[in-house]
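Construct the entire structure; sequences and hints are all you get.
Which chain is which? The protein sequence lines are A and B, in order. For the first sequence, position 192 matches number 205 in this note's numbering, and the numbering has no gaps at all. For the second sequence, position 277 matches number 290 in this note's numbering, and the numbering has no gaps at all.
Treat each hint with caution, since some may be false.
Note: identical chains are not told apart, hence a pair may lie in one copy or across any two.
Stated by the list, open to error - No more than 30 Å apart at the CA atoms, straight line, and that leaves these computed lysine-lysine pairs for DSBU-like: (1) Lys247 with Lys108; (2) Lys36 with Lys247; (3) Lys178 with Lys31; (4) Lys269 with Lys145; (5) Lys145 with Lys261; (6) Lys36 with Lys178; (7) Lys15 with Lys295; (8) Lys269 with Lys36; (9) Lys295 with Lys145; (10) Lys258 with Lys15; (11) Lys145 with Lys31; (12) Lys229 with Lys145.
If you are wondering where the hints come from, they were derived from the structure by calculation, not from laboratory data. Note that this is a predicted model, so its numbers are computed, not measured.
Letter by letter, the chains look like this.
Protein chains: 2
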Amino acid sequence: MKTLKNEFEEYLQSTLQKDIPSKTREAMNYSLMNGGKRVRPMILFALLQDAGVDPHSGFSCAGAIEMIHTYSLIHDDLPCMDDDDLRRGHPTCHKAFSEAIAVLAGDALLTKAFEIVLESDASDLQKVKLVKSLSECAGINGMILGQDLDMQTENHPLTSFDELKRIEIYKTGMLLSLPMRCACVLSQQEEHIEAWSQIGILLGIQFQIQDDILDKTQTSEVLGKSTSDEKNDKATAISLLGLQKASKIVLDLEQKIKDQLNQIPGDHDCFQQILNYLIQRKY
Amino acid sequence: MKTLKNEFEEYLQSTLQKDIPSKTREAMNYSLMNGGKRVRPMILFALLQDAGVDPHSGFSCAGAIEMIHTYSLIHDDLPCMDDDDLRRGHPTCHKAFSEAIAVLAGDALLTKAFEIVLESDASDLQKVKLVKSLSECAGINGMILGQDLDMQTENHPLTSFDELKRIEIYKTGMLLSLPMRCACVLSQQEEHIEAWSQIGILLGIQFQIQDDILDKTQTSEVLGKSTSDEKNDKATAISLLGLQKASKIVLDLEQKIKDQLNQIPGDHDCFQQILNYLIQRKY
Numbered sequence: 014m015k016t017l018k019n020e021f022e023e024y025l026q027s028t029l030q031k032d033i034p035s036k037t038r039e040a041m042n043y044s045l046m047n048g049g050k051r052v053r054p055m056i057l058f059a060l061l062q063d064a065g066v067d068p069h070s071g072f073s074c075a076g077a078i079e080m081i082h083t084y085s086l087i088h089d090d091l092p093c094m095d096d097d098d099l100r101r102g103h104p105t106c107h108k109a110f111s112e113a114i115a116v117l118a119g120d121a122l123l124t125k126a127f128e129i130v131l132e133s134d135a136s137d138l139q140k141v142k143l144v145k146s147l148s149e150c151a152g153i154n155g156m157i158l159g160q161d162l163d164m165q166t167e168n169h170p171l172t173s174f175d176e177l178k179r180i181e182i183y184k185t186g187m188l189l190s191l192p193m194r195c196a197c198v199l200s201q202q203e204e205h206i207e208a209w210s211q212i213g214i215l216l217g218i219q220f221q222i223q224d225d226i227l228d229k230t231q232t233s234e235v236l237g238k239s240t241s242d243e244k245n246d247k248a249t250a251i252s253l254l255g256l257q258k259a260s261k262i263v264l265d266l267e268q269k270i271k272d273q274l275n276q277i278p279g280d281h282d283c284f285q286q287i288l289n290y291l292i293q294r295k296y
Numbered sequence: 014m015k016t017l018k019n020e021f022e023e024y025l026q027s028t029l030q031k032d033i034p035s036k037t038r039e040a041m042n043y044s045l046m047n048g049g050k051r052v053r054p055m056i057l058f059a060l061l062q063d064a065g066v067d068p069h070s071g072f073s074c075a076g077a078i079e080m081i082h083t084y085s086l087i088h089d090d091l092p093c094m095d096d097d098d099l100r101r102g103h104p105t106c107h108k109a110f111s112e113a114i115a116v117l118a119g120d121a122l123l124t125k126a127f128e129i130v131l132e133s134d135a136s137d138l139q140k141v142k143l144v145k146s147l148s149e150c151a152g153i154n155g156m157i158l159g160q161d162l163d164m165q166t167e168n169h170p171l172t173s174f175d176e177l178k179r180i181e182i183y184k185t186g187m188l189l190s191l192p193m194r195c196a197c198v199l200s201q202q203e204e205h206i207e208a209w210s211q212i213g214i215l216l217g218i219q220f221q222i223q224d225d226i227l228d229k230t231q232t233s234e235v236l237g238k239s240t241s242d243e244k245n246d247k248a249t250a251i252s253l254l255g256l257q258k259a260s261k262i263v264l265d266l267e268q269k270i271k272d273q274l275n276q277i278p279g280d281h282d283c284f285q286q287i288l289n290y291l292i293q294r295k296y
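This is how it looks when you write it as structure tokens:
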């Protein structure tokens, strides 16, 4: 998996090299190659490997998902959104370049995601399904709805964990269900697409609460980012439930994910490894 | 064509109605249904009609192009970009809502463009080609490159019309070539796709210089927008060439478009009508 990650980094870098040089391309490259954990790509590769499909066939899809993830971070960090200066230990895109270039770099990464997903060896029907999944999970009924709901909390603070969970389902869950959806399309195992999507969404909620816990218990140096939610006075699982209850919910979610996984036939060894890595992460 | 435009307005409105309600969806609707001239859709429909294909088959494609056009205006109007308050006689998206919602509404319209282009009755292969055209013309080697180059002129003012033309090819031309590209794919006349693209790009340059001339000779009330290029001290065809030479170039471009058109076999009656309307427009 380590080799695969390195190969994927090279692939990702190469996707921008044919483009006409510009400040915006520099900014895209800066944010895309900024040392991300590549969680979503690794999930996609693991699922393909478990299905007996060469993970390399998922590179363009994983690249598209990573571009969408990166664009969402760039726009989320803007002064008019979360106003963050630090991302993965480096200045955020608008700090390193300018606000205008950060807007364009985000736009361009989102657009390019739809370009490179077509580069895979998949059939035309599969490509159509992949584009559909990307646009649905990333759009106004997916990730963007989550960001919208999240923003409304600035004027109407959350009062319950259920409200927060609804936001996380869209904001983090939908994008984490994308590698699952894409893997099912690529490996032609679409009969399990809903079950896998559910795992992605549960993992998204788990991931976000764990982030809140790490924000509270780790320094921003270890995390490589500022803890903007606290700065912005936003409700988190911890502020709503307390550290102990939040940690309990993380464990419950892990169990739910494992239960759901057991209901899907076949071996899930590679995915299990990624899952364990994610559950045990410290940053 | 009038009936067709009304039908298209209804279709466009309907594309957002199934989405989950949110502030961002309101903002998308506000900007998308803001009385645009629908130039690109009408070009697409005219080309289909000339090719003997039912223009209704181009609705989803035209909707996608119009969403991309609208998203680019929303982001272009942002304070960190052109900082415009007025668009088509109404407050710009970030003025009517907020900067954050305007960023998200633009993102969501771009994403949705790729969702609705799949809704057409086209074959999977055609859909793949349409997605490819949309992403290439709108992306980092197309419209976004044009916006990037345009922004660089704030620090490095343009000194020649050729430099301005290069920007317009990308910023306006690529998006105006999209309805042509899509019509060629939908009517299965791809042997003429490059010739038609060229017409779109010439039309884009012509369109932009004509805009500059109208900005200079019409009031902002007639235009329904503020004349931000002048406000932002940006070079225009007029500031570089003077009104007389700029008007001469518009006429030259019109001739070039007609010459190019004559080289494409078949009847172009409907497109000719649109072309005449565009050339004679006063706002």
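Checked hints:
For the identical chains of this complex, Lys247 and Lys108 are neighbours both inside a copy (23 Å) and across copies (25 Å), given an alpha-carbon limit of 30 Å. With identical chains, the CA atoms of Lys36 and Lys247 are at most 30 Å apart between copies only, with a shortest distance of 19 Å across copies and 33 Å within one. Taking the shortest alpha-carbon separations for Lys178 and Lys31, only the inter-copy value of 23 Å comes in at or below 30 Å, while the best intra-copy value is 41 Å. Taking identical chains as interchangeable, the C-alpha atoms of Lys269 and Lys145 lie at most 30 Å apart only when both belong to the same chain, with a minimum of 28 Å there against 39 Å between chains.
For the homomeric pair Lys145 and Lys261, neither the shortest alpha-carbon distance inside one copy (36 Å) nor that between copies (46 Å) is at most 30 Å. Proximity of Lys36 and Lys178 under a CA criterion of 30 Å is satisfied inter-copy only: 19 Å between copies versus 38 Å inside one chain copy. In the homo-oligomer, the alpha carbons of Lys15 and Lys295 lie at most 30 Å apart inside one protomer (19 Å), although the nearest pairing across protomers, at 61 Å, exceeds that limit. Neither within a single protomer nor between protomers do Lys269 and Lys36 lie at most 30 Å apart by alpha-carbon distance, with minima of 45 Å and 33 Å respectively.
In this assembly of identical chains, Lys295 and Lys145 lie within 30 Å of each other by CA distance neither inside one copy nor across copies; the values are 34 Å within and 40 Å between. Taking the shortest alpha-carbon separations for Lys258 and Lys15, neither the intra-copy value of 35 Å nor the inter-copy value of 61 Å comes in at or below 30 Å. For the identical chains of this complex, Lys145 and Lys31 are neighbours both inside a copy (26 Å) and across copies (16 Å), given an alpha-carbon limit of 30 Å. Within a single copy, Lys229 and Lys145 get their C-alpha atoms no closer than 37 Å, and across copies no closer than 44 Å, so neither meets the 30 Å cut-off.
Checked against the numbered hints given earlier, the structure breaks hints 5, 8, 9, 10 and 12 and satisfies all the rest.
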